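Chemist: Spelled out, the chains give:
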Amino acid sequence: MMTPEQNFMRKIEAEEKIEPKDWMPEAYRQNLIRQISQHAHSEVIGMQPEGNWITRAPSLRRKAVLLSKVQDEGGHGLYLYSATETLGVKRADLIAAMQSGEAKYASIFNYPTQTWADIGAIGWLVDGAAIVNQVSLQRTSYGPYSRAMIRICKEESFHQRQGYELMIALAHGSPAQKAMAQDALNRFYWPALMMFGPHDAESAHSAKSMTWKIKRETNDDLRQKFIDQTVPQIEFLGLEHPDKDLKWNAERGHYDSGEIDWQEFYNVINGNGHCNRQRVEHHIRAHEEGAWVRDAMTAYNAKQQAKTTEQRQAA
Amino acid sequence: MSDFDLKAATQEYATRLGDDSVVLGHRLSEWTSNGPFLEEDIALSNVALDYIGRARMYYTYAAELAGNGKTEDDFAYTRDMREFRNLLIHELPRGDFAYTMVRQLFVDVFNTHYLPELAKSTDSTLAGIAQKAIKETRYHLRRSHEWALRLGDGTEASHQRMQRAIESLWGYTHELFDADPLEAQLADAGIGVHNAALRPAWLEQVSAILTEATLTVPKDDWAVRGGRVGYHTENLGHMLNDMQFLHRAYPGCQW
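Chains as they are written, first to last, in our numbering: chain A, 1 to 315; chain B, 1001 to 1255.
FYI, nobody ran anything at the bench for these hints, they're computed from the structure.
This one's a predicted model, so the numbers in the text were calculated from it and none came from an experiment.
The beta carbon of each residue, even a glycine, is placed where N, CA and C say it ideally should be.
Just to be clear, a hint being listed does not mean it is correct.
[Claimed, not checked] Facing chain A, a subset of chain B residues (Cβ under 8 Å, in silico): (1) 1029; (2) 1036; (3) 1038.
[Stated by the list, open to error] Listed next, the in silico SDA-like pairs over lysine to any residue satisfying Cα-Cα at most 25 Å (straight line): (4) B:1070 x A:55; (5) A:213 x A:88; (6) A:303 x B:1159; (7) A:154 x A:169; (8) A:90 x A:295; (9) A:178 x B:1214; (10) A:303 x B:1074; (11) A:303 x B:1244; (12) A:178 x B:1255; (13) A:178 x B:1244; (14) A:104 x A:178; (15) B:1135 x B:1146; (16) A:307 x B:1070; (17) A:17 x A:85; (18) B:1132 x A:71; (19) A:213 x A:55; (20) A:208 x A:134; (21) A:307 x B:1181; (22) B:1132 x B:1214; (23) B:1219 x B:1167.
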């Protein structure tokens, strides 16, 4: 007879998915709750920097595309909250943890969207980096997370193409538009690289997550994929690469790149980026402004239920 | 009217309907990331998208009739406030959630009666747009009806917010049923709709919903008008400042 733990590890090694009702180590459950809810919060907080340009989108087509993209992100947030709830936690508690700063969301959303080109840069680079990570997570060991990733990846690839297409329009536009595109690339390139997290040696949660196959590839390997795929995309746009140390390494078959500013990385992660406070305050404000609506819904449902019970008793 | 006049009038009419749609769609889009909970945030964005979609269809048709190389975006992004012809109710600020849902209820019930009439238009493009929009409006009304009940018959606080929104929006509903000579002539020609004839059915349905929601139907003792002649509230100028910013800052660019 195998112990539950041995059976769990057998499944992990055999690439069988772990499902909500299966036995799992408590640390595995906690690790998943942390990672999936962080992912859900990222989708929801990510609605703000892009939402910042919905009312200023420069054509009706772009406005519709951006609205539906931000709406999709809300939808991703919903699936991911549901996936987290399969682990025995409540969405309200997860949201409270994010609002108190106890739970994190992707640091990239603490950078401001200053110009219209930032919307293109986010679609292209930020969604692009997210996809590299998420494609790998389609093979994650927890069933509900893996299935959410498969669904989300399809929509994210669509967003990435739309973002890149927006950048093409700017890069091929007037000199001012091209400068706007270059500026957005310069500001978002490095933060996009930071999305893969610290170097493997420094990564707090990596080793255990790899053993349990929650994570399937290391931060540095995923980051390298993204660096390599982005070079020809920048060339096609006719823009300058923001990394002046970038060089093809024939021996490795990859690009070597300049070092990330890790001080900035930790500064933003620790809550001191441009928009950390603004993002959380915005979320809290919308949540508090909506409290009377949620209360009214609860009260109305209770009244309806009481009426139904009364009718049943009378009958 | 001669054929030429009819074409010009139809173009003007399509522009007005496009203005109604783009302005309301914009207001609804201001809810994105500000909704009372995630599901509702998504639903409001959906309704906003439907209206932006309508604006694009109406403007594209107006551009086609103008035949001078203009596009949908010229209508939305290069005209100043006084040239916009939307009815005022659409441009009022998003307000709180009660205000948005009451406005939506009034407009959704109106469209429930208006669009089936427009769908009978002898102008096949306008009829086609109306056909598509009817389906969306059915879903919109299901939502605004449900919200009227939940908020009207929810808590004391939600009831008060709803009643206040009804009182402050009621005077803007009269304009929905007006017709200037252009719209009257288009209706006579079988292209437009006799809006005034829709009011009894609108009032009956709105009253039934408000009563069901324990809310009070206001008296008809005030009305504000002017959208169809470009006499707007102060709100529209600020909306256009946002909406048209890039076109103003970088004239003549493609986006």
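Chemist: Now tell me, hint by hint, if it's right for this structure.
Modeler: How the hints compare with the structure:
Below 8 Å, beta-carbon pairs count as interface contacts, and residue 1029 (chain B) has one with chain A at about 5 Å; its hint therefore holds. At a threshold of 8 Å, the smallest CB-CB gap from residue 1036 (chain B) to chain A is about 3 Å, leaving the interface hint in force. The closest approach between the C-beta of residue 1038 (chain B) and any C-beta of chain A is roughly 6 Å, which is under the 8 Å cut-off, so the hint is satisfied. A C-alpha spacing of about 22 Å is found between residue 1070 (chain B) and residue 55 (chain A), which places the hinted pair at or below 25 Å, so the restraint holds.
Between residue 213 (chain A) and residue 88 (chain A) the CA atoms are separated by roughly 21 Å; this keeps the pair inside 25 Å, and the hint holds. As the CA atoms of residue 303 (chain A) and residue 1159 (chain B) are separated by approximately 14 Å, the hinted pair is consistent with the 25 Å bound. For a cut-off of 25 Å, the pair hint linking residue 154 (chain A) to residue 169 (chain A) stands: about 23 Å separates their Cα positions. Restraint check for residue 90 (chain A) and residue 295 (chain A): satisfied, since their Cα atoms lie roughly 18 Å apart, inside the 25 Å limit.
Straight-line distance between C-alpha atoms of residue 178 (chain A) and residue 1214 (chain B) comes to about 57 Å, which puts the hinted pair past the 25 Å bound. The straight-line distance between the Cα atoms of residue 303 (chain A) and residue 1074 (chain B) is roughly 51 Å, outside the 25 Å bound, and the hint therefore fails. Between residue 303 (chain A) and residue 1244 (chain B) the CA atoms are separated by roughly 46 Å; this puts the pair beyond 25 Å, and the hint is violated. With a C-alpha separation of about 11 Å, the suggested pair residue 178 (chain A) and residue 1255 (chain B) falls inside the 25 Å cut-off, and the hint holds.
Proposed proximity of residue 178 (chain A) and residue 1244 (chain B) is supported: the alpha carbons are some 20 Å apart, at most 25 Å. As the CA atoms of residue 104 (chain A) and residue 178 (chain A) are separated by approximately 34 Å, the hinted pair breaks the 25 Å bound. Taking the CA atoms of residue 1135 (chain B) and residue 1146 (chain B), the gap is near 17 Å; set against the 25 Å cutoff, the hint holds. With a C-alpha separation of about 58 Å, the suggested pairing of residue 307 (chain A) with residue 1070 (chain B) is violated against the 25 Å cut-off.
In summary, the hint linking residue 17 (chain A) to residue 85 (chain A) is supported, as the alpha carbons are separated by about 17 Å, within the 25 Å threshold. About 22 Å separates the Cα atoms of residue 1132 (chain B) and residue 71 (chain A), which keeps this hinted pair within 25 Å; it holds. Restraint check for residue 213 (chain A) and residue 55 (chain A): not satisfied, since their Cα atoms lie roughly 42 Å apart, outside the 25 Å limit. Between the alpha carbons of residue 208 (chain A) and residue 134 (chain A) the distance comes to roughly 18 Å, so the proposed pair stays at or under 25 Å and holds.
Our distance criterion of 25 Å between C-alpha atoms is broken by residue 307 (chain A) and residue 1181 (chain B), whose separation comes to about 51 Å. Annotation: proposed proximity of residue 1132 (chain B) to residue 1214 (chain B) is violated, straight-line Cα distance about 33 Å (limit 25 Å). For the suggested pair residue 1219 (chain B) and residue 1167 (chain B), the alpha carbons sit about 9 Å apart, so the restraint of at most 25 Å is met.
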